[in-house]
Every structure is written in C-alpha cells, then in structure tokens.
Amino acid sequence: MTDLTRLSAAALAEKLSAGDVSSVEATQAHLDRISAVDGDIHAFLHVSDHALEVASDIDRRRAAGESLGALAGVPLAIKDVLVTTDMPSTSGSKILEGYMSPYDATVVARARAAGLVPLGKTNMDEFAMGSSTEHSAYGPTRNPWDLDRIPGGSGGGSAAAVASFEAPLALGSDTGGSIRQPAHVTGTVGLKPTYGGVSRYGAIALASSLDQVGPVTRTVLDSGLLHDVIGGHDINDSTSLAHAWPSFAAAAREGASGEVLKGLRIGVIKELPDSGFQAGVSESFRAALAAMEAQGAEIVEISAPHFEYGVAAYYLILPAEASSNLAKFDSVRFGLRVDVPGGTVEDVMAATRDAGFGDEVKRRIILGTYALSAGYYDAYYGSAQKVRTLIQRDFDAAFASVDVIATPSAPTTAFKLGEKIDDPLQMYLNDVTTIPANLAGVPGISIPSGLAAEDGLPVGIQFLAPAHEDARLYRVGAALEALLVDSWGGPLLDRAPVLGSNGGSR
Amino acid sequence: MAKDKLMDFDKALELFEPVLGFEVHVELNTETKMFSAAGNPAHESNHGAGPNTLVAPVDMGLPGSLPVVNETAVRYSISLGLALGCSIAPSSRFARKNYFYPDLGKNYQISQYDEPIAFDGEVEIELTDGTLITVPIERAHMEEDAGKLTHVGGSTGRIQGAEYSLVDYNRAGVPLVEIVTRPIFGAEHRAPEIAKAYVQAIRDIVLSLGISEARMERGNLRCDANVSLRPRGQEKLGTRTETKNVNSMRSVERAVRYEIQRQAVILAAGGTIIQETRHWHEDTGTTSPGRPKSDADDYRYFPEPDLLPVAPPQELIDELRAALPEPPAIRRRRLKADWGFTDLEFQDVVNGGLLAEVEATVAAGAAPASARKWWTGELTRIANAQGREASDLATAADVAALQALVDSGALNDKLARQVLEGVAAGEGTPQEVVDARGLAVVSDDGALIAAIDDALASQPDVLAKIRDGKVQAAGAVIGAVMKAMKGQADAARVRELVLERAAQ
Amino acid sequence: MSEITPDLVRHLGVLARIQLSDEEVERLTGQLDAIVDNIAKVSEVATAEVPATSHPIAMQNIFRPDVAGEQLTPAQVLQNAPDAADGRFRVTAILGEEQ
Ligand SMILES: [Mg+2]
Ligand SMILES: [Zn+2]
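The listed protein sequences correspond, in order, to chains A, B and C. Take the first sequence: its letters are residues 1 to 506, numbered as in UniProt numbering. Take the second sequence: its letters are residues 1 to 504, numbered as in UniProt numbering. Take the third sequence: its letters are residues 1 to 99, numbered as in UniProt numbering.
No incorrect hints appear here.
The following residues of chain A were derived to be distant from chain C, with all beta-carbon distances above 12 Å:
1) ASP32
2) ARG110
3) PRO246
4) SER247
5) LEU451
6) VAL498
Where chain A lies over chain B, by a calculated footprint (3+ residues, C-beta under 8 Å):
7) 65 to 72
8) 97 to 110
9) 299 to 309
Rather than coming from a laboratory, the hints here were simulated on the basis of the structure. Glycine included, C-beta positions come from ideal geometry on N, C-alpha and C.
Using the sequences and the hints, build the whole thing.
This is the structure:
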C-alpha cells in the first residue's frame with residue numbers, strides 16, 4: 001500500500017472519495033508519522049487526542065451517502081495562532097499556556113465544516129514575532145532538510161509539518177512573510193491572500209492591518225483547495241472583503257497546463273539589491289525566470305523605489321499595533337498570573353507580562369509603545385503609514401505594466417539555529433522581499449524554485465499580484481510548478497533527507 | 001480625609017470668574033453592544049442581568065476576537081449629533097485609547113480621537129428664571145463603555161483599602177456617545193445652576209430622541225464637570241479639575257458649587273490648583289482628589305486597525321435630520337406661547353417634568369389651563385403622597401376625559417378630584433370610575449327642588465333676605481342643599497333653582 | 001544616534017506594564033537604539049503631501065445590524081479565569097484610579 005503521508009492532499013482526497021482509503025487510515029498514518037519524526041522536528045505543540053474520532057465520523061457520513069466537501073477526511077495541521085475549542089491555543093507563548101478558547105477561529109470552523117480533520121496545533125515564534133520559530137516559548141522547530149537549521153518563521157511549525165509529511169495541509173498566518181518565508185526554506189508552498197480575503201476572526205492578532213491567514217501545503221493545487229475552504233466573507237471580521245472569489249483550485253488546475261505563461265508579463269524589481277542575496281538564491285531565481293521565459297513569458301524590469309523603506313515601515317507599524325493587541329494579556333481574564341505578595345493588580349500585571357513574554361515580544365512591545373507615544377507618533381507611526389501609501393503606489397505603477405511581480409522569497413536559504421538570534425536587525429532583514437505585500441495588502445505566493453548550489457537547501461520564488469487577483473497567483477504558480485517538477489523528475493521534497501525515528505539527518 | 005476649606009460662594013465670585021466645561025457620557029439603548037452582538041445592559045430589557053451574562057468574546061478581549069460596529073449605534077450617534085446642532089463628519093474614524101485597567105477587557109478603549117463623528121454644535125439651555133444660555137459643543141464621539149469593578153474588603157467599598165476587586169464585563173462594550181463642551185464663559189453666580197440645566201437639557205434631548213434610557217441613577221447618563229477659576233481681569237484660563245461621574249442633576253449643581261468654593265480658598269491664599277480628576281461624594285457633598293494628570297496619561301492613540309472609517313452618506317444624514325423631534329428648547333418656547341401661560345405657570349409645568357403630559361392632554365382636547373391644573377395640582381399631590389411619578393398615575397386621555405366631564409356639568413370640581421383618585425388607583429377611565437362609584441352630579445331638578453324647598457323652609461330669615469334682593473344670602477341655602485346632596489349637585493344649577501323658588 | 005535612554009525604556013516599560021529588570025533595561029536600550037536608527041528613515045520620504053494608509057484595502061461603512069447574536073455563557077466567560085468569585089473575575093487590590 002502507498003504511504004498515505006506522501007500523497008498530496010488532492011490525491012488523498014481522491015482516494016478518500018473513491019473509497020480506496022478511509023479517513024481513519026489517512027489520519028492514523030499521519031499520527032504515526034508524527035510519532036516517528038516529530039521528536040526531531042518539533043512541528044507540533046499539541047497533537048489532537050480525538051482526530052481519529054473526527055475521522056471516523058467523516059467515514060461514517062461518507063458511508064451514509066452524505067455529500068461531503070472536496071477535502072473531507074483529509075488531515076490538517078493548525079498554526080497555534082488560531083484559536084480552537086478542542087485544543088489549547090497559545091500562540092507560542094508561555095503567557096497563554098493551556099488556554100482554551102470558547103470559540104473556534106472562522107477558518108477552523110470552516111475547515112471543520114468542510115470535513116477536514118484537525119491533527120494538532122503547530123509551533124511558531126511567540127505571537128508570530130520572528131522568522132525562525134526560535135522565539136517559541138516551547139522550543140524551536142527544526143528544518144526537515146537539516147535539523148540544525150531553522151524552518152523559517154513565524155510559521156515554522158506548519159511549514160515543517162507539511163515538509164516532513166506529518167500533515168498534507170496546514171494553516172498559517174502571514175504578517176510580514178510568516179507563510180511565505182517558511183515555505184521558501186522548507187521547499188513547500190505558501191500563499192498569503194489579499195488582505196481581507198480570509199477571515200482574521202480567531203487569529204490571535206499580531207498586527208491587525210498586516211495579518212492574513214493562508215494555506216501552507218506541498219503543492220499549488222493543495223493550497224487552492226484549502227483556500228477555497230477557508231476564504232470568503234466573514235461578518236465577524238470588519239476588514240473581510242465581500243468579494244465574489246473564483247475557485248482557487250480551479251485556477252491552479254487551469255494553470256498547470258502552462259498556457260498562462262504565454263505572453264505573461266513578469267515584473268522584476270530593479271532596485272532589489274544583489275548584495276545580501278545568497279548566490280544560490282539568486283541563481284535559482286534567475287533559472288526559474290529563464291524557464292518561464294522559455295515558455296513565452298516576458299520579463300519586464302520595473303521600478304519600486306519605495307520598497308527599500310518597507311522593512312523600516314514594517315518595524316514601526318507591526319510593533320505599534322502589536323503593543324496594543326498584546327495588552328490584553330494581563331493576568332485578569334485568562335492566561336498566566338504571577339502573584340506578587342502584597343502587590344497591587346498593576347504589580348501583578350507587570351510581573352506577569354515580564355515573566356510571560358519572551359525577549360523578542362518584550363522588545364517589540366517596547367518599540368511599539370515608543371513609536372506610538374506622544375511626541376513620536378508623527379515621526380514614526382504616522383510616517384510609516386505614509387510609506388505604506390508610497391509602496392501601494394509603487395505596486396499600482398508596476399501592475400500597470402506587468403501581470404505579476406517575481407522576487408526571491410527570502411534573501412538566504414535556511415540559516416543555522418542560533419545564528420541570528422542575538423541580532424534582531426539581521427533577523428528583521430529576512431523579510432525584505434515579503435513585507436511589501438503585507439504593507440500594500442496584495443497577495444503573494446512562494447513556491448519551490450530549486451536548491452541552492454552551495455548548500456543544497458531549498459529556495460523559493462515569490463509571485464505578487466494586484467489585490468483581489470489571488471487566482472492569478474494560483475495559475476502562474478501552478479504553471480511554474482508543473483514546469484519545474486517535470487524538469488526535476490519529481491517534487492523537490494523527494495530530495496529531502498529521509499527522516500526516521502532514529503534521529504534523521506542531524 | 002482632610003476637610004476642604006471653602007470660601008463663601010458670593011465672595012468667591014467677587015474674586016474669581018468660574019469657567020465650566022462638561023463631558024457627558026450617554027449610554028445608548030440599542031439592543032446589542034457597540035462592537036458585539038451580546039445584549040446591551042443599558043437596554044431596558046436587560047436591566048438587572050447577572051454578572052458576566054451579557055458578554056461576547058470581544059467584550060472581554062478574548063484572543064482572536066474582533067469588533068464589528070453596530071449600525072443602530074451609528075444612527076443614534078448621528079441623530080444625537082444633529083440634535084446638538086453639530087456638523088456630521090463626512091468621514092470619521094475609531095481610534096484605540098491605550099491604558100491598562102482591569103475593567104477594560106482589551107486594555108484599550110475603542111473611542112474616537114481626532115476624527116469624531118460630530119463636531120461644532122450648541123445647546124440652548126433654560127434656567128429656572130427663564131434665562132436662555134447657549135452652551136458651545138466641541139464634539140460628540142462614539143466609544144465603548146468599560147466593565148464594572150466591585151471593591152471588596154476595607155470599610156468604604158471604595159478603591160482605597162479594598163482587599164480585592166471583582167470584575168463584571170456586562171457593561172464592557174455598551175455604546176456610548178461622549179459629548180464634550182467648549183469652555184463655558186460668563187456663567188458667573190449661575191454656574192451651578194447652568195451645570196444642572198445643561199445636564200437636564202442633554203437628558204431632554206436624548207429622551208426626545210429615544211436613544212437612551214437616560215437614568216442617571218443607573219449610569220445611563222454620566223457627567224464629568226470641569227471647573228476652573230481665574231482672577232477677575234485675567235485672560236489666561238486657570239488650572240481645571242475634572243469631577244468624575246456625578247450621577248444626579250442635583251449633584252452636578254452641588255459639585256460645581258463645591259469646586260468653586262474649594263478652589264477659591266486655595267487661589268486666594270496664593271496656592272495653585274493641581275490638574276487632577278476629583279471624585280464626588282454624594283453622602284458628604286464633597287469632592288476628593290483622584291489621580292493627578294501625568295506621563296501615564298500617554299494614551300498612544302492610533303487609528304483602530306480592526307475597524308473602517310464611518311462615512312455616512314448625505315441621504316442618511318438628511319433622513320435622520322428630517323426625523324429629528326423638535327429641539328426641546330424650541331418646543332418649550334412654542335408651547336408656552338400656544339398655551340398663553342405666565343412664566344410662573346410654565347415653569348411649574350417644566351420643573352415638574354410634565355411638559356409632555358400637558359401637551360398630550362391639550363392634544364386630547366382639554367384647555368391648556370385645565371390640563372396644567374390637573375397635572376401640576378391634584379396628580380402631583382397624589383404622586384408626591386405616594387412616592388410615584390405623576391405620569392404613571394393617569395394618561396393624557398384620562399385627564400382630558402375628566403375635564404370633558406367637568407365641562408359638561410356631569411362632574412363638579414370636588415367630584416372630579418375623587419374620580420382622579422380612582423383613576424390613579426387603577427380603577428379605570430374617568431367614566432368607569434364615575435359609573436363604579438356612582439359619582440355623577442344630580443341633574444334631576446325634582447330632587448334638587450325638594451331639597452331647596454326643605455332648606456328654604458328651615459331658614460325663613462334667609463328666604464326673606466333673598467326676597468328683599470340680597471341675592472348673596474342665597475349662599476347659605478346653596479351650601480345646605482349641596483350638603484344634602486352629598487356634593488353631587490351642580491352648584492350653578494342649584495343657585496339658579498334657589499333664586500327661582502325663592503321668587504315664588 | 002537616537003534618543004533611546006535607559007530612563008525612556010523604563011518609562012516605556014511602565015506604559016506597557018512590563019516589569020523590566022535593570023539588566024533588561026540596559027539590553028533593550030542598546031537594541032532599540034540600533035533598531036530606531038534603522039527605522040527612522042521612514043521620515044525621509046513621508047512628506048506632508050503623502051496621505052497615510054491605515055488599511056491596506058480601502059473600505060468604509062462596515063456595520064452589523066443591531067440584532068442579538070452569539071454571546072458567551074457565564075461558564076465560558078470564566079473558563080480561563082486565573083481567579084474568580086461570585087461569577088466575576090477576581091483581582092488583587094487596585095491602587096490607581098479609573099481613567
Ligand atoms: Mg473623557
Ligand atoms: Zn469617554
């Protein structure tokens with residue numbers, strides 16, 4: 001029998017609906033895989049103790065002839081930033097250890113309604129602040145390609161889970177690249193939808209105006225399938241778009257034929273520095289462009305003069321909004337409480353927040369508090385919001401002449417655990433290519449473009465499209481994916497080292 | 001707590017000019033909260049709900065929760081802005097006001113900061129002597145209320161000395177409109193009265209709009225009073241204090257008076273006023289210092305990223321403007337002229353809070369003077385005696401019907417008062433009370449004539465006087481007849497018949 | 001160099017209700033100083049005529065009808081409470097005043 005964990009979600013779904021495989025079998029296979037490898041990977045903070053019950057309910061409903069969603073019975077890993085009623089939700093923080101939400105995030109509720117089987121909650125940088133998952137209060141996640149390296153962040157757990165075949169599908173959240181950069185370093189696919197395309201209700205907020213929930217998968221089609229389940233208008237999120245979205249799975253299937261590449265105008269940003277980008281990353285990027293050009297795509301140089309201010313604007317807006325969003329963790333209603341004998345509630349709050357938050361979280365809260373304080377607002381937060389306008393204008397100008405913009409998904413391949421942990425500035429520069437999409441609200445996808453020659457580690461290529469044009473990313477992404485997988489003779493992940501219960505490739 | 005020294009009020013006014021300012025918070029009586037679909041405790045139907053029974057995730061700041069704006073609260077806010085004579089902003093925004101406090105589920109309050117929904121208005125208020133004063137309104141903005149803290153332990157039930165506090169988030173997220181005045185100059189010795197009249201005016205407005213229960217004792221309407229003094233002839237404003245949450249109209253008046261007297265002593269002695277919040281104590285009639293303004297008041301306002309701008313279309317503003325009730329001040333002026341009341345008569349009605357009742361009674365057909373007489377007279381007397389509201393005792397239709405019975409001669413004044421008592425006791429409409437109690441005036445001339453002849457026969461000297469042309473002597477006979485008829489006779493008719501019989 | 005000083009960091013800690021140790025204050029002062037030097041450049045291009053963008057996708061007038069909907073049961077409200085009494089959350093003595 002085939003190893004069910006190696007199947008794409010689409011292929012597994014087909015087997016499930018054909019009755020070749022039961023959801024219980026598929027779920028058990030993934031639970032077994034988690035048991036075998038997660039000791040090394042540490043992608044999960046919590047594994048559901050009733051996934052099999054849920055799976056067997058799906059099997060029963062299918063047997064009863066109920067008409068089920070396309071992904072019914074397929075297991076799903078859920079980033080711990082999303083609240084769930086049946087598993088703890090900690091957002092990777094000690095301050096929320098054991099927290100049980102009385103309600104499900106909208107995306108989780110939709111996934112359940114579609115018959116997906118929640119496997120567990122995945123690790124992440126605390127409150128999604130980081131690019132390496134080393135800032136999790138529960139220990140780092142390791143990259144399945146090299147256990148001494150980071151899996152990206154903040155959604156390193158979701159990316160590592162799908163890359164190590166512990167789950168076919170995962171949910172992530174992307175505030176400045178937290179879906180796309182982990183995809184880049186793990187050889188997986190990640191898409192950040194148009195801002196408002198997917199509900200934020202139940203996603204523990206980092207920066208409200210930047211956060212988006214999205215799919216984390218191994219194939220573009222799988223992303224489309226999951227996006228179709230979780231996307232669309234939600235009355236509980238005021239910033240949710242009341243937009244009639246096309247089927248993203250259909251867009252991915254359409255794109256796989258490759259027709260879309262003929263005459264496709266791909267913008268390449270001339271100001272993106274060559275320095276700071278690892279040679280193997282740049283090479284892989286150029287090779288992918290060449291492959292697309294060979295299929296009839298046109299590479300157009302575009303100018304985005306304000307992108308270089310993106311990181312600075314981002315590191316003002318994010319901490320500012322986060323400092324306010326994280327104020328609710330105060331020991332009164334939920335979460336950690338550190339008692340201060342004889343102290344007032346103010347003392348208890350301050351001691352709890354000192355003990356409950358990690359260094360990176362404290363750093364950003366203090367930075368955000370500074371950026372918003374009287375006297376600094378105009379220079380910092382106010383200016384950053386203006387940079388946002390300028391970056392949007394850069395996008396508008398670019399999309400007047402190109403269909404999509406392409407960039408490397410991140411400057412380097414996976415770096416070593418601990419390498420940048422003491423240098424926040426270096427860490428922040430990881431997000432240079434992913435941040436503009438969050439600032440402008442446009443969608444972005446990262447798909448594997450190959451391995452870097454110098455270290456044999458995965459590299460991703462990012463495509464960006466105008467707001468609301470997520471389907472375009474699925475078409476283009478699926479087209480390039482088909483082309484590359486064909487040239488590789490199989491998925492990139494087939495070349496990842498074999499993990500085992502004996503410790504993998506470390 | 002050290003007792004404040006107070007300067008004689010008139011003396012204080014001699015030395016200093018008081019400048020006032022008010023922030024009034026109005027709890028809207030929408031069905032649901034400002035940002036969630038949980039029931040609104042400021043809606044009559046939810047009054048008295050148990051602790052933490054009216055809470056949605058966002059009201060207590062649960063992780064992942066998000067606010068969504070209540071459309072009706074926006075409409076109410078626009079109506080209130082219009083009623084305050086404000087301009088409605090073509091686009092306004094919510095902002096976060098960041099500060100930590102246990103009653104604030106998110107540790108920020110969603111409010112409006114530099115882009116309020118309504119701005120630049122004015123309210124005309126009327127003092128008891130009929131003087132009209134215009135209070136300038138700076139802005140009216142939408143925001144959410146905080147939860148409720150109960151302090152346990154210690155002796156006072158106040159924060160100081162409490163061992164612990166309990167938090168109930170029912171009130172968290174109740175829709176509020178905060179109305180902020182500009183500084184009010186020229187109040188002079190009427191400052192306390194202006195304070196009371198201003199709050200009364202706001203209450204009249206929100207009640208006429210039907211957007212709040214406006215019960216001060218329940219906190220539906222809360223006033224923060226700012227008071228500063230400046231020496232006569234000085235241009236620069238003095239340092240102000242902000243007395244918080246004064247929860248009755250009478251207290252507003254007293255608190256302003258108190259602050260003027262307290263600040264005057266300090267300033268006259270060369271001291272300085274500390275800019276601070278002060279708390280009003282109903283029991284002692286004093287204020288005590290609260291939190292001084294400090295660095296910690298850096299609220300780090302920024303636009304609420306979870307919410308979008310509110311940009312009311314002009315058609316909506318026009319629709320709400322067209323639906324506005326007549327402004328209370330203008331309405332009062334119109335009614336006074338229509339009814340032809342003297343200042344005193346009209347103030348009687350206004351101060352009794354009986355304007356709407358009298359108006360409705362007139363509309364139901366009673367003469368204004370009669371309507372006023374019943375409401376401010378007999379009904380108010382019964383209400384006071386029973387500790388009830390006059391408006392709860394009878395309807396305008398009852399009073400108009402009662403007066404119609406008097407006008408037709410079916411009831412005299414004395415009987416009418418008895419009928420009203422029956423109505424107030426819940427015995428039914430005036431006609432029903434008349435029927436049930438058998439209180440109709442005797443209109444059968446035969447019975448009256450028999451009683452008159454008896455009376456005349458027993459008082460021959462009176463009969464002689466009448467026959468001599470001393471008509472006023474008839475009073476004694478009329479009195480006797482009325483007594484014999486147990487009051488159930490029309491005195492005018494009795495008089496007619498007495499003169500008729502005497503002449504025979 | 002920016003104007004980040006230990007006193008400022010300590011003050012920010014008070015505003016943010018985080019009890020920072022002296023060692024944390026010292027470390028954060030240096031780190032924030034370096035970060036602020038790098039992010040201050042936003043003001044180079046943020047000229048007066050550029051409008052601020054607070055929402056990436058411009059929308060307005062998003063409302064909910066005033067109709068009662070889901071609310072939590074009292075048990076759900078209190079399910080994660082560190083301390084509770086009489087159906088309410090319990091906190092230790094409050095020193096400061098209400099806002
Ligand atoms: Mg105020
Ligand atoms: Zn207020």
